[in-house]
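Colleague: Model the placement of chains B and C on the given structure of chain A, informed by the hints.
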Amino acid sequence: MSVSKGVWSKFVKRSPTLALRNKALRTALLSPDLPSGPVSLKSKASKRKYQSIEGLDQIYPLAYEVLEKRSEDIYSKIESLDKNSPTYAEQKEELEIAAEKFNPEVVYMAEYMKNSLDRTQPVFRHYLKKTWEGYSKMLLMQRLETLAVIPDTLPTLEPKVEVKLKFPHNNQDRWIEPGTLLSSNVTKMPPSLEVIEFKESTGDLYTVLMVDPDTPDLAQDSYSTTLLWGVKDVKLSNTDSMIDAKKLMQNEDCEFVEYLPPVCEKNTGKHRIAFWVFRQDGPLENAPKGLRREFFKIRQFVEDNKLTPVGAHVIRTLWDRNTENVRKMYGLPEGRVFTRERVPYLKN
Amino acid sequence: MFSSRIVSLVCNRVKTSLSVGHQSIFQVRTATKRAGGSRTHMKDSAGRRLGPKKHEGESVEVGEIIMRQRGTKWYPGENAGIGKDHTIFALEPGFVRYYLDPFHPKRKFIGVVLREGDKLPYPHFDPRKRRFGRFLIKKPEAAEAELEFQSRKESQTLPELLKGAEERQQKREARLFELKEQLSQFIELESEELKNLAAGRLLQIDRFLRGGKSQEDARFHTTYNHLYDLKLQLRRNEISQEQHDNLSSQYKSLAESVDSNIMFDAFFDLCAYKTPETIKSNQEAAIAELDKLVIPNQPRTKELKEQVFAILKSQDNCFTLSQQLALKRKYLKPVLPEVDGLVLDKPDKKAVAITKINYDTRRIETVYRPKEAFLP
Amino acid sequence: MFGAARTVQKSGANLQFVRTKRIRAGLDPVAQRVVTQLSVISANRKMPKMLKLSKEDFVKHVTVMRAWGVVRKEKKQAEEAQLKQQYESIKEANEDLKHVSQKLFEAANKLEIGKRFPLELRVPTEYPSRSGWFYDYTPRKL
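Residue numbers (full-length UniProt numbering), protein chains in the order written: chain A, 1 to 348; chain B, 1 to 376; chain C, 1 to 142.
Isolated chain A (complex conformation):
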């Protein structure tokens, strides 16, 4: 006997991805008690031992009915919205979230199946955004600020998308936490990025810049910024959010500055390597192929191309015993060597 008698069990207007695909779990969530025991528990012993909460089977159908009724009201409100109003899409998304936010199946998926959510559904994007804001976003901002990536590269950032980064240095795939110190062996090949949008997105264009703001500038006794990698006009959507080798192989025009791994010179300290993700208004015009890497003016570039920074990532690298090999691999001359100690006085 299903507790659902209204919208939450009808999939004419709602997406079927809002329902749990596992039948046993679905029946468990749609019946007052647990007809075939606790499905989510794995071992037989714990299944046998498990006792449900007393009285839950009586109150749960009532609660479900109350919430489903409210959801029905919200859906009818969506139908009555003015479709010509400029804020229609926004209002609709907000109401769609409100209508599905408390659906037990949705809650279950948002809590326990975070990796396989259908990102075209506003409610799942809402839950994903909440989890992102709860940890990853704060962590990223903390790393960007303490490592002074802002304001050294761009003035500031208000993150709108989640950016995940990984390097294909070995046979395993692992997302890298912002601020990690990586060896030159890890960064020798171009990375893959995942850009997760929390708004509805169908084919927006994105630009990615990878810059090293810690390249020594001996003439000024200071540092300059080097552009290591530039990718433009990458089309991403809620369903397809990866910028990886596969995508770049298919659209070769995307890569306007070829990948150059960060090869630090001896005794230049830890280099911060910043990845900036921008949303584009239209196709990028002021980004010619083979743009000059050295003394790259990232602020000027962003202004010229009217880019909006929406996300960032940062890693750090250092000179190590493998750096010279990577230099050879890319046909670069041998790196310079600097004094180990910094001088305590101004040079000029």
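Misleading hints may appear alongside valid ones.
[Claimed, not checked] To give an idea of the interface, some chain A residues facing chain C are shown, with a C-beta separation under 10 Å as derived from the structure: (1) A28; (2) Y60; (3) E65; (4) F102; (5) E111; (6) N115; (7) R119.
Read the hints as simulated data drawn from the structure, not as lab findings. A quick note: this is a predicted structure, and the numbers were derived from the prediction, not measured. Each residue gets a CB set at the ideal place from its N, CA and C atoms; glycine is no exception.
Modeller: Structure of chains B and C alone, referenced to chain A:
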């Protein structure tokens, strides 16, 4: 009664320890000397030489003291540090600035700027002004020596790391050799060079598969890596554009022929390539055979067990490890369910006693199972 | 259960200055063991264990809590709306009164400093009491 006994015991113990520990309270000491006077002067100390040591605009080097103070009357600003007695000192060479920062309206700051004309505070969203402060080592011998320099930690760990790398390399080479030997069973390649290429490709795919990638992804990334290497060779001017195109098309065709002839099974051994449709139909046939072979709730023989394992591990069926496990759990249960004929009423010489908790009666029950109930 | 006391009492009634081994802070080991055992059987240990819910039941529990929150919120909103309506109508009546007669309006809104609730007034409640009036009440004799 029981608890009163415990309490009295504790009290006794506490009393004992008190009486032993504080015998001295019974001793009395009387005053024999007059208490000190009440004069209040003679408390003055010498001046602590506080105050600014460098003034606005004066040049400083790293570590020079700018201000001595009690408490944080002044805070360290740009390029300045603070000591444990709140002494403010320079962290960079430059020129001293005394300034206020609207971010902290109640504080006064001392900072150091790198250029004489600069003002503090710097605009908040501008890039920081930083000093590199190192010299280029121009002498080749000195540069070489600096490159050779190893920190204590590095010199301790490096041999071990190199040894590990060496071992991994050896393993890889052994595997490469093995794959090259097996290769000829599945595919005919003319030259030694192509064989090496194909074996290298299989080795890469093998590594990706072990890392958890799907077969398709593993193949794609192997091709991509090889083409990327060719592109780098072109960049280094080791090959011409024409050679590059030739080599990449040659590799692509090789990859296609290797992929259409060879694949890996669940145990990362080579086997002949089968299309997904063939695999699916083979698996269905295998499951039908298993259904026929294994009769539910009947004692199993050793031969039956081996037959089932052979079907599960057969390279024709290409069951993945998780599929194999699931099927093993289904068809070769370690203990059969408690049905008639597989439970004994009384303990037997050969019977196995199994104790378990009955959660309804909250009692421990013993069930006697014959040898046939278990997997041989 | 606890075994005999291991140490012999070192000093009885005779209080002499004797050099002995320094006694460490706290109780001696036997007493400490008893205290530990007492604390084990104390009431603090009898707290019920944390509920361990399966995932489905956790989601159901969350659903119930949310539904309860929704219902309560709606009830509160309805009450507030009603109060607001009452206030509005009082205000309207007062405005009317002001137009009809300024004098009456002022009399109705006069500040009565120092005036208290009459002691004999029953405490205003939302519902009548269950038992009604207690007729047989006689004040207690002092």
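Colleague: Could you run down the list of hints and mark each one as holding or not?
Modeller: Outcome of the hint check:
no.	hint	in the structure
1	A28	holds (5 Å)
2	Y60	holds (5 Å)
3	E65	holds (8 Å)
4	F102	holds (5 Å)
5	E111	holds (7 Å)
6	N115	violated (16 Å)
7	R119	violated (21 Å)
This entry does not satisfy hints 6, 7, going by the numbered hints stated previously.
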